[in-house]
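Respectively, the protein sequence lines represent chains A and B.
Here the working numbering is used: the first residue of the first sequence is 269, the next is one more, and so on.
Here the working numbering is used: the first residue of the second sequence is 269, the next is one more, and so on.
Possibly wrong hints are sitting among the right ones.
One copy or any two copies: either way a pair holds, since identical chains are not told apart in the list.
[To be verified] Straight line, CA to CA, 25 Å or less: simulated DSS-like cross-link-like pairs of lysine-lysine:
| id | residue 1 | residue 2 |
| --- | --- | --- |
| 1 | Lys-343 | Lys-484 |
| 2 | Lys-312 | Lys-302 |
| 3 | Lys-440 | Lys-295 |
| 4 | Lys-321 | Lys-621 |
| 5 | Lys-343 | Lys-302 |
| 6 | Lys-561 | Lys-321 |
| 7 | Lys-438 | Lys-286 |
| 8 | Lys-401 | Lys-386 |
| 9 | Lys-440 | Lys-302 |
| 10 | Lys-537 | Lys-568 |
| 11 | Lys-401 | Lys-438 |
Please keep in mind that the hints were generated in silico from the structure rather than gathered at the bench.
Protein chains: 2
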Amino acid sequence: MTIVNQLKISAVSIKGAKALEQNLLEKISKEKYKPHDLFLSLEKISNIYNVNKTTAQRALHSLVGKNYLYQIHGKGTFVAPPAVTFQVLVIADYETGTNNDFGSIFGIPAFLRGVLKKIDLEKYNYSPVMLTKKKFIEILPDIELIYRSCRGVIFFRNIDIFVKTLPVLKDKNIPSFFYGSDALLESVSNADCLVYNEGGITDLAINHLLKLSHKKISYLYIDESPTQKKRFNLFLQENKKYKFCTENDILYFKTIKELIHNNIIPDIKRLLKNGITAIICGQEEAGVYFLNKCLMAGIKIPGELSVLTISNYPICALTPVPLSAVHIPIEEDAGRCLELLIDIIEHGSKSEKHISKTTIVRRLST
Amino acid sequence: MTIVNQLKISAVSIKGAKALEQNLLEKISKEKYKPHDLFLSLEKISNIYNVNKTTAQRALHSLVGKNYLYQIHGKGTFVAPPAVTFQVLVIADYETGTNNDFGSIFGIPAFLRGVLKKIDLEKYNYSPVMLTKKKFIEILPDIELIYRSCRGVIFFRNIDIFVKTLPVLKDKNIPSFFYGSDALLESVSNADCLVYNEGGITDLAINHLLKLSHKKISYLYIDESPTQKKRFNLFLQENKKYKFCTENDILYFKTIKELIHNNIIPDIKRLLKNGITAIICGQEEAGVYFLNKCLMAGIKIPGELSVLTISNYPICALTPVPLSAVHIPIEEDAGRCLELLIDIIEHGSKSEKHISKTTIVRRLST
């Protein structure tokens, strides 16, 4: 046989193999076969489809390469089960998503969107499964049975549950990753995590207002966010030259509901009288409600008072006067959490603390 | 052997089998074995672990029952690949999620949360994979290779892409399901879908305001939502006794940006002068911005003017005066979409059109 003839046959065989592969694939996927069934032998294929063995072999090899079939030496070719997608459990209390709590309305969806954006099955063979705290604790003892392909867990802000379940997960060799404020993480050292720096957030807010030449800045403080308040007080002491405000000028509310439902206009008028020209709202919801109340009372923002909030949820762009805010890039962070976790899963990389990069988003309110 | 003795041995064997199973499971999961590897034979197990064959058999059977191992008659016991999670692709343009477009900020996360809530891997072995329109079209030709365990596709509002790709998916035997407005679906008959009735939404809004004794109702209309406008005009003609408003009283904006950035106070003053006491904002964003503009201009809501918007995103509860809205239960609908799709996948149920149940959520603005 001449070389030209050999090439010719080989080309025909490749073309024939492609068509044959398509035929065999249809046969498999239309579920005439169940996983682990013995597949057609080389001989049968070449008989049924009337092709030579080289063509049949080529088609078979390609299907094995693509994981549609597998071969056991000396036993034959078998139908492989569908490709496995590994699961990453994301623990977040999304059940509360219907409450008017910004963390649920905006934070959880942002985190989730970030995870889903990052998961590209062409690159990462991982799929997220979302669980509430309650559900997670329920399934934890049988996690390997229920989530057979679970390779890791990401905790969104649920520090208590992270701390509580870490030993169990370690015991089961399931890597876990925490996302949230560093202030929350004080109790766990050496945890794999991506955190935003609470102190850093307050510093950013104050420095933004100082740059805009505000000399007397106050703080609105909800009992639920004590770490930022601590940081603000620290600044107050360290930078006496700015005379930010007196302890008396700090607005304190036990709950966000108290801020929403009470008449706070006299408080605001007192701040203005004391020379305060800017206020940092140290909690997610507080900024929006405070701003709305000021505007409805006819206070000029900015002008009479600059308002800045922590943190930057989409609603800050939608208030009657768009609201400046410290931005925690939850969506991007979520993608990074997943990437870091997969790195731990696949390459066993060492545990480390990663810091999220917060920035100021300036809008009209400052 | 007495029965008592038999029971005793059997109990020991069950206890031993449990421990043995745990040992074998660890051996498998710590990945000393790869999928499809030949596993230890009954004889080897009883030798290595020093247990009798009944105990070994019991442990093996249990692991086969839980899909950690599989057996081929006459060939032996093999290590099963991790359990397969089937994928359901959710097509939504979440890339725009950072825009101030309520459909992206609130709609997509709500839909996604609904899907994730419904997916309970103890019951449904399905995981969602989210894709943008662009990405979906890109992977469509090789969908079986890239998403090997894909069993269905849900389209969130993307009617154009649904119509365009339906034939390809049908050809590949992949069920697909549409969620969105029925007005969008006019071009496709016999599609599997869950839809909300656009006309029904407008009727709900008008009837709510009529019940509150408003006789002259106007409509705020953005060029992008023509179907609701059509419906409003129909009502206008059919119910002349109400004299809702003249064509001249309908507020029209080409884009939402035009509404946001223009001074619309003269328009509002004209409406009030013409005796209009209520307005329906026929687009998601329009209600919020319109309400804010009215409040900032000192117009009393309610009192001078009632404002109702379509549709009810969480922000409606967060405006300075909480905003009444027509509620489309996106989150619940998402769960129902998945349930209906899985029913089609698993039981081949017939295609049908399902209707979403919209309601009025009354807040302070009406």
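Structure-based check of each hint:
1. Proximity of Lys-343 and Lys-484 under a CA criterion of 25 Å is satisfied in neither setting, with 82 Å inside one chain copy and 82 Å between copies.
2. Only within a single protomer do Lys-312 and Lys-302 lie at most 25 Å apart by alpha-carbon distance; the minimum there is 18 Å, versus 29 Å between protomers.
3. Taking the closest pair of Cα atoms, Lys-440 and Lys-295 come within 25 Å of each other only across two copies (13 Å); inside a single copy the shortest separation is 39 Å, beyond that limit.
4. Taking CA atoms no more than 25 Å apart as the test, Lys-321 paired with Lys-621 passes in neither setting, with 57 Å inside one copy and 50 Å between copies.
5. Within a single copy, Lys-343 and Lys-302 get their C-alpha atoms as close as 17 Å, and across copies as close as 17 Å, so both meet the 25 Å cut-off.
6. Proximity of Lys-561 to Lys-321 under the C-alpha cut-off of 25 Å is found in neither arrangement, the shortest distances being 81 Å within a copy and 77 Å between copies.
7. For a Cα distance limit of 25 Å, the shortest separation of Lys-438 from Lys-286 across copies, 22 Å, qualifies, whereas the shortest one inside one copy, 47 Å, does not.
8. For a Cα distance limit of 25 Å, the shortest separation of Lys-401 from Lys-386 qualifies both inside one copy, at 23 Å, and across copies, at 16 Å.
9. Only between protomers do Lys-440 and Lys-302 lie at most 25 Å apart by alpha-carbon distance; the minimum there is 18 Å, versus 31 Å within a single protomer.
10. In the homo-oligomer, the alpha carbons of Lys-537 and Lys-568 lie at most 25 Å apart both inside one protomer (12 Å) and across protomers (23 Å), since each shortest distance falls under that limit.
11. For the identical chains of this complex, Lys-401 and Lys-438 are intra-copy neighbours only, at 18 Å inside a copy versus 39 Å across copies, given an alpha-carbon limit of 25 Å.
Consistency with the previously given hints fails for numbers 1, 4 and 6, ordered from lowest to highest.
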